[in-house]
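**Q** Read off the chains here:
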Amino acid sequence: MKDDHQAITDGIDQGRRYFLIAGATAAAVAPAVLLQTVTAASQATPVTSDVRWGLLIDTAKCMEGCTACIDACCHENGLDLQRPPGGEATSKWAGQQAVWMRKIKLQDNQTGRVTSLPMMCQHCEEPPCMDVCPTGASFKRADGIVMVDRHLCIGCRYCMMACPYKARSFIHQEMHGQLTRVPRGKGCVESCNLCVHRRDHGEDSTACVDACAAEGHHAIIFGDLKNPESRISQTLRELPSRQIREDLTLNTGVRYSGV
Amino acid sequence: MANAAFTARCVAAGLLWMIIQSVQADDVKRYVVEGSRAAGLSACVEPTELMRRQHMTFIKHQRISTVHEGVRTGKYSLSGCVACHISYDAQQNARPINQPDQFCGACHAYAAVNLNCFDCHASVPNAGTPLTATAIAAHQKAGVTERIQSQTAAGEGH
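If you read the sequences in order, they're chains A and B.
The numbers in my numbering rise by one with no breaks, and the one at position 100 of the first sequence is 112.
The numbers in my numbering rise by one with no breaks, and the one at position 140 of the second sequence is 521.
By construction, these hints were calculated from the structure, which means they are not laboratory data.
Predicted model, so just to flag it, every value in this text is computed and none were measured.
A few of these clues could be false.
Here are the computed lysine-lysine pairs in the DSS-like style, where the Cα-Cα straight-line distance is at most 25 Å [said to hold, decoys possible]:
| id | chain 1 | residue 1 | chain 2 | residue 2 |
| --- | --- | --- | --- | --- |
| 1 | A | 104 | A | 198 |
| 2 | A | 152 | A | 198 |
| 3 | A | 178 | A | 104 |
| 4 | B | 441 | A | 198 |
| 5 | A | 73 | A | 104 |
| 6 | A | 152 | B | 441 |
With these hints in hand, go ahead and build the complete structure from the sequences.
**A** As structure tokens, then:
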């Protein structure tokens, strides 16, 4: 294994060398020009692993009974356009309907302390959904967003069973009137993608973050976990926070404080 | 005399060629719906013949870079097909592009090829489509700008 790694390193060494020389020259000649190009071309260039998007949820600020984040998520991602199949019982539909976020209530039975928190795809660094997917439809983008490529999804739902966070939903019936930004059809699995259309168009928040701030709670922070200067990184340094099911060592991109 | 006959034949051949060309041009435009932005253009993002044979390959390649790499600027965009080829009824409602009398639907019905794109993708332009400047101009010309803006404000998806 170590030998293999050594061989690969040797193989790309020359390429790396030219790249570094070219990069150093360019950086020395025109840093200002480079910066401008990067900003303008953000939509035209593939996402890189220089960033890792994540959320920090302060459960002390999350109000029990408030569903602003869920409502905003459903509206942003067209989940409120789903209609129950004719003749189906309301209770059954409530369990079948696709949702990307849920509100969870935790109660400490000894002290009686109740904590409320939103639960969604945790955007693991090592996603179990990706491990079990037989077609490669479950994948992780370079910037850390775990997504489903619906062109490849065959609807087997292994990922739904593998996910420790119950974060994924299945579309059971034909859809009509979808949003252009969020295609959706019968027979595919889907989950929170950190408002990926907003990421690609260079916006700096997600629908749930905006909704929570509009309610005045400011319980969710979105940002780049790899940038030490970002607000999320700075808050993570100050506040004690946890990953849910940290025993699974999935290194989640969504962190919670106060649980 | 022979010269005159030759000239006449040349003129006749020329006329015939022009007629064939115009018929072919009509043929090329057969499925482009009147009133859509596409009706005012000579060709799509590639020459018509190439688009007819290869459009599925173009959009298939682009979808990979869009979904997996977040590249949103390619010219073979499915929402681009919809934005450019959509037509509106008398009440200025967009007519779904996969209907059998619309651009995608009509040709796929003729060629007897199943059209699955719009099982999942939006078949009319809506709030999620960032319109290009040319598309906005075309919509203004067709008198549908206000309706699209009100849909955007209300966040309607259809």
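**Q** All hints, please: hold or fail.
**A** Each hint tested on the structure:
1. Of the supplied pair hints, the one linking residue 104 of chain A and residue 198 of chain A holds, its CA atoms being roughly 17 Å apart against a limit of 25 Å.
2. Taking the CA atoms of residue 152 of chain A and residue 198 of chain A, the gap is near 22 Å; set against the 25 Å cutoff, the hint holds.
3. This hinted pair checks out: residue 178 of chain A and residue 104 of chain A have alpha carbons roughly 17 Å apart, not beyond 25 Å.
4. For the hint pairing residue 441 of chain B with residue 198 of chain A, the CA-to-CA distance comes to about 20 Å; that is within 25 Å, so the pair holds.
5. For the hint linking residue 73 of chain A to residue 104 of chain A, the alpha-carbon distance of about 32 Å lies beyond 25 Å, and the restraint is violated.
6. Proposed proximity of residue 152 of chain A and residue 441 of chain B is supported: the alpha carbons are some 20 Å apart, at most 25 Å.
When each numbered hint is compared with the structure, a violation occurs for hint 5 only.
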